[in-house]
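Protein chains: 2
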Amino acid sequence: MGVNGYGTIGKRVADAVAAQPDMELVGVTKASPDYGVEAAARRGYDLYAAVDDRADEFAAAGVDLTGTLGDLLDAVDVIVDCAPSGVGERNAPVYEAHDTPAIFQGGEDAAVAEASFNARGCFEAARDADAVRVVSCNTTALSRLLAPLDEAYGVEKARVTLVRRGGDPSETDRGPINDIVPDPATVPSHHGPDVNEILPDLAVDTAALKAPVTGMHTHSVNVTLETEPDESGVRDLLGDEDRIFLVPEGAGIDGAGALKEYAADAGRPRSDLWENCVWEESISVTGRDLYLFQNVHQEADVVPENVDAIRAMTTDVDAPESMARTNETLGVGLRSRLGNDELGRAELAADD
Amino acid sequence: MGVNGYGTIGKRVADAVAAQPDMELVGVTKASPDYGVEAAARRGYDLYAAVDDRADEFAAAGVDLTGTLGDLLDAVDVIVDCAPSGVGERNAPVYEAHDTPAIFQGGEDAAVAEASFNARGCFEAARDADAVRVVSCNTTALSRLLAPLDEAYGVEKARVTLVRRGGDPSETDRGPINDIVPDPATVPSHHGPDVNEILPDLAVDTAALKAPVTGMHTHSVNVTLETEPDESGVRDLLGDEDRIFLVPEGAGIDGAGALKEYAADAGRPRSDLWENCVWEESISVTGRDLYLFQNVHQEADVVPENVDAIRAMTTDVDAPESMARTNETLGVGLRSRLGNDELGRAELAADD
Numbered sequence: 001m002g003v004n005g006y007g008t009i010g011k012r013v014a015d016a017v018a019a020q021p022d023m024e025l026v027g028v029t030k031a032s033p034d035y036g037v038e039a040a041a042r043r044g045y046d047l048y049a050a051v052d053d054r055a056d057e058f059a060a061a062g063v064d065l066t067g068t069l070g071d072l073l074d075a076v077d078v079i080v081d082c083a084p085s086g087v088g089e090r091n092a093p094v095y096e097a098h099d100t101p102a103i104f105q106g107g108e109d110a111a112v113a114e115a116s117f118n119a120r121g122c123f124e125a126a127r128d129a130d131a132v133r134v135v136s137c138n139t140t141a142l143s144r145l146l147a148p149l150d151e152a153y154g155v156e157k158a159r160v161t162l163v164r165r166g167g168d169p170s171e172t173d174r175g176p177i178n179d180i181v182p183d184p185a186t187v188p189s190h191h192g193p194d195v196n197e198i199l200p201d202l203a204v205d206t207a208a209l210k211a212p213v214t215g216m217h218t219h220s221v222n223v224t225l226e227t228e229p230d231e232s233g234v235r236d237l238l239g240d241e242d243r244i245f246l247v248p249e250g251a252g253i254d255g256a257g258a259l260k261e262y263a264a265d266a267g268r269p270r271s272d273l274w275e276n277c278v279w280e281e282s283i284s285v286t287g288r289d290l291y292l293f294q295n296v297h298q299e300a301d302v303v304p305e306n307v308d309a310i311r312a313m314t315t316d317v318d319a320p321e322s323m324a325r326t327n328e329t330l331g332v333g334l335r336s337r338l339g340n341d342e343l344g345r346a347e348l349a350a351d352d
Numbered sequence: 001m002g003v004n005g006y007g008t009i010g011k012r013v014a015d016a017v018a019a020q021p022d023m024e025l026v027g028v029t030k031a032s033p034d035y036g037v038e039a040a041a042r043r044g045y046d047l048y049a050a051v052d053d054r055a056d057e058f059a060a061a062g063v064d065l066t067g068t069l070g071d072l073l074d075a076v077d078v079i080v081d082c083a084p085s086g087v088g089e090r091n092a093p094v095y096e097a098h099d100t101p102a103i104f105q106g107g108e109d110a111a112v113a114e115a116s117f118n119a120r121g122c123f124e125a126a127r128d129a130d131a132v133r134v135v136s137c138n139t140t141a142l143s144r145l146l147a148p149l150d151e152a153y154g155v156e157k158a159r160v161t162l163v164r165r166g167g168d169p170s171e172t173d174r175g176p177i178n179d180i181v182p183d184p185a186t187v188p189s190h191h192g193p194d195v196n197e198i199l200p201d202l203a204v205d206t207a208a209l210k211a212p213v214t215g216m217h218t219h220s221v222n223v224t225l226e227t228e229p230d231e232s233g234v235r236d237l238l239g240d241e242d243r244i245f246l247v248p249e250g251a252g253i254d255g256a257g258a259l260k261e262y263a264a265d266a267g268r269p270r271s272d273l274w275e276n277c278v279w280e281e282s283i284s285v286t287g288r289d290l291y292l293f294q295n296v297h298q299e300a301d302v303v304p305e306n307v308d309a310i311r312a313m314t315t316d317v318d319a320p321e322s323m324a325r326t327n328e329t330l331g332v333g334l335r336s337r338l339g340n341d342e343l344g345r346a347e348l349a350a351d352d
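As you go down the protein sequences, you meet chains A and B in turn. Residue numbering for the first sequence follows our numbering, starting at 1 and increasing by one per position. Residue numbering for the second sequence follows our numbering, starting at 1 and increasing by one per position.
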């Protein structure tokens, strides 16, 4: 495998691929020799220039290249495109010219690939495709949440307000500062239709804002279900999903800051949260209306999905087996032993 | 009339009362001689000590007092309590002891008063009451929005996510910084039941977050209506409400910052937005589901409601007449001549 674009998503996907016993990371590309090349070098990843005529810049910066993008494409079974939004579409003809199957990210239009992908929602869609698009962080999180709810209760209609982070922590040119911006101001946003690329028959309306935060997206979710759930049933259902982390009541985790702190304390690389983080306390039911809040780590939640997409395209491993391998190798499946019951706290004290 | 607590809300209510030809502002109280006393003095308002045994502090700061709270209570027909949340409840027995009818703010529990009040929703509820509570900024805005929708289409169920400002611009001790916090983490929040103090039969579920902004609250609103609306009908309906400002498409107003700038340019005192600010572009309908975004200026939108509450308690003026007088004297009813049609722009160019 290769990764084209060793940036926010690319460096995480590269590490995740390198951690799979059944995959080999051949190399990664960068467009310019910035601080990212040091991270790649420390990990021993072979580096390729993403743009042929900028290879000189790397030499000038004292960075050794193994080759350029074309060399990487000829050496891999699948290229994972982690270029900035919109650049993937421009790369697509290059991948085709080298006859290299490609995985794109959710910043691209769905039309860039034969199939959109979420492991929980539509693993088999990637099976015979030469080009697959792993949907965006928000669509990934909504698919993971809505798929089990639809299976267990039937979704009559989902209505979600996405309060999006303005930019990632390293994106110093993003806004807003001290404002909440309807983005887009029109409703519904594109996120609902994007969920339908994964779950075609599910009725979902989304409205999106952006806020002056960098840590995570926050979703305020309403789902009108076809059959009336009870809260403990929903908690159990979601708690059984490895890619959903139920944030326990009483653990003192009140927002993205504490969630990232929790992930860092758990030894997660880059404090990554690969799971949807659903506040257990927020899960509530009135009639057939389910409400909850979930947080989404925009830099991380698509990473295991990229690994599964590679397996779906290149092997005959099925969805449960692929997801289990990915979860096991990365350590996906954060579980808290904190809770409101005495037993949970006692166990924690004994173990730690 | 008197105002007990010349703070964020109190100073605005005092100015609004002073602007009414049919009302007289006798004076205002402050708990301590901070910068607020200068604003009161500049306007020529008589100042009273809110707490008897702290009158010395004012003398020490060189501030002349007309008297203390008790003196003010004996001189007025109605006292408007604008004390911090929770302090109003402690003041209630004092008002009763002086036999002075009182208006409380929405930070108090509904039980503090005989009736909760919103001019558009339940003006007559205050008619014979000795104690009235003007509901909070968020409840005020939701009542103004849902009352006309319920009258025109019938509300089957409203579901609202409130993304609240963390603190007012002057509140330097508030958070969050760089985080979005479910607040409360449990759903539904208290806002829905508070709307039912105004509109008792309306089904409304609310979920609340707080964000690192100071300017305004943002509401992401879904209303399932009993009859199917069309978007232009909803725009016309809301556009006819004087206390709703339809933020025009194409005016370049993308958030609270630009809204406040617009208000400042319009000559509004303190850049106040007394109206709900509904993004015209966001009004959308799918089947019987209406969606929209609205912004709420937490420091200002209850101000005209306080004026109307005074009139409801002390006169036999009816709701439309009182609201018209308040709107006229304050200048409530922001209208933009910007729009997407050529005519609107031409008129603006000719006038300004």
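Errors might be hidden in some of the hints.
Any copy, or any two copies together, can satisfy a pair, since identical chains are not distinguished.
What the hints assert, rightly or not - Straight-line C-alpha distance at most 20 Å; calculated EDC-like pairs for lysine to aspartate or glutamate:
| id | residue 1 | residue 2 |
| --- | --- | --- |
| 1 | Lys157 | Asp109 |
| 2 | Lys157 | Asp201 |
| 3 | Lys157 | Asp318 |
| 4 | Lys157 | Asp71 |
| 5 | Lys157 | Glu261 |
| 6 | Lys157 | Asp74 |
| 7 | Lys157 | Asp34 |
| 8 | Lys157 | Asp128 |
| 9 | Lys157 | Asp242 |
| 10 | Lys157 | Glu321 |
| 11 | Lys157 | Asp22 |
| 12 | Lys157 | Asp77 |
| 13 | Lys157 | Glu226 |
| 14 | Lys157 | Glu57 |
| 15 | Lys157 | Asp173 |
For the record, the hints were derived by calculation from the structure and aren't laboratory data.
Right, here's what the structure says about each hint:
When the C-alpha separation of Lys157 and Asp109 is checked against a cutoff of 20 Å, the pair qualifies neither within a copy, at 24 Å, nor between copies, at 34 Å. When the C-alpha separation of Lys157 and Asp201 is checked against a cutoff of 20 Å, the pair qualifies only within one copy, where the shortest distance is 10 Å, while the shortest distance between copies is 24 Å. Within a single copy, Lys157 and Asp318 get their C-alpha atoms no closer than 29 Å, and across copies no closer than 42 Å, so neither meets the 20 Å cut-off. Taking the shortest alpha-carbon separations for Lys157 and Asp71, neither the intra-copy value of 48 Å nor the inter-copy value of 59 Å comes in at or below 20 Å.
For a Cα distance limit of 20 Å, the shortest separation of Lys157 from Glu261 qualifies neither inside one copy, at 34 Å, nor across copies, at 38 Å. Taking the shortest alpha-carbon separations for Lys157 and Asp74, neither the intra-copy value of 46 Å nor the inter-copy value of 57 Å comes in at or below 20 Å. Taking CA atoms no more than 20 Å apart as the test, Lys157 paired with Asp34 passes in neither setting, with 46 Å inside one copy and 53 Å between copies. Neither within a single protomer nor between protomers do Lys157 and Asp128 lie at most 20 Å apart by alpha-carbon distance, with minima of 31 Å and 44 Å respectively.
For a Cα distance limit of 20 Å, the shortest separation of Lys157 from Asp242 qualifies neither inside one copy, at 24 Å, nor across copies, at 34 Å. For the identical chains of this complex, Lys157 and Glu321 are neighbours neither inside a copy (31 Å) nor across copies (42 Å), given an alpha-carbon limit of 20 Å. In the homo-oligomer, the alpha carbons of Lys157 and Asp22 never lie at most 20 Å apart, since the shortest distance is 40 Å inside one protomer and 51 Å across protomers. Taking the closest pair of Cα atoms, Lys157 and Asp77 never come within 20 Å of each other, the shortest separation being 40 Å inside a single copy and 52 Å across copies.
For a Cα distance limit of 20 Å, the shortest separation of Lys157 from Glu226 qualifies both inside one copy, at 9 Å, and across copies, at 16 Å. Taking identical chains as interchangeable, the C-alpha atoms of Lys157 and Glu57 are never at most 20 Å apart, the minima being 52 Å within one chain and 60 Å between chains. In this homomeric assembly, Lys157 and Asp173 never come within 20 Å of each other (Cα to Cα): the closest approach is 37 Å inside a single copy and 40 Å across copies.
Against the hints set out earlier in the document, violations occur for numbers 1, 3, 4, 5, 6, 7, 8, 9, 10, 11, 12, 14, 15.
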